[in-house]
Structures are given as C-alpha cells and as structure tokens.
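Residue numbers (our numbering): 400 to 470.
Since the hints were made in silico from the structure, they are not lab data. None of the values given here were measured: they were computed from a predicted structure. Any given hint might turn out to be false.
Each computed DSSO-like pair below joins lysine-lysine, with the alpha-carbon atoms no more than 27 Å apart [to be verified]:
id, residue 1, residue 2
1, Lys467, Lys453
2, Lys453, Lys430
3, Lys444, Lys459
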Amino acid sequence: MEIIDRALEFEQRKHTFKTTSERIESSREVKELILSLNSIYKEEKDPEIMDLMKRLTAIKQKIEKRLKGRP
C-alpha cells in the first residue's frame with residue numbers, strides 16, 4: 400500500500416531539522432500518516448500496522464518536544 404510505503408520511508412528518513420518550519424512541516428506530515436494508517440488498521444486489524452503507528456508516534460513526540468522547547 401502507498402500509505403504504508405510513505406510511512407516506512409518517513410521512518411527511515413534522517414530527522415535533523417535545521418529550522419522550526421521544517422519541524423512543523425514534519426510533525427504535520429507524520430500526524431497525517433498516523434491518521435491514515437489508523438483508518439487502515441480499523442479495517443484490517445494488522446498488528447504490523449499498529450507497530451508502525453507506535454514507532455511513528457514516538458518520532459512525532461520527539462519532534463513536538465523539540466518544538467515546545469524548555470519551559
């Protein structure tokens with residue numbers, strides 16, 4: 400499936416973001432991928448899709464932690 404291929408490609412991509420806008424763009428992209436995978440998971444109940452969503456969520460949390468900065 401195309402969504403799964405895009406998600407795997409995103410996961411393999413190097414996550415070094417120079418600017419805040421790159422982080423925001425990446426955060427939005429991974430969120431869209433997770434939501435798309437979730438709709439597929441609801442139909443198929445494939446545990447591999449769930450594992451992929453979990454890994455992408457971990458990446459998303461790291462990106463958002465960098466975006467929020469220190470209090």
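Structure-based check of each hint:
no.	hint	result
1	Lys467 <-> Lys453	holds, 21 Å
2	Lys453 <-> Lys430	holds, 12 Å
3	Lys444 <-> Lys459	holds, 22 Å
Every hint, counting from the list given before, is met by this structure.
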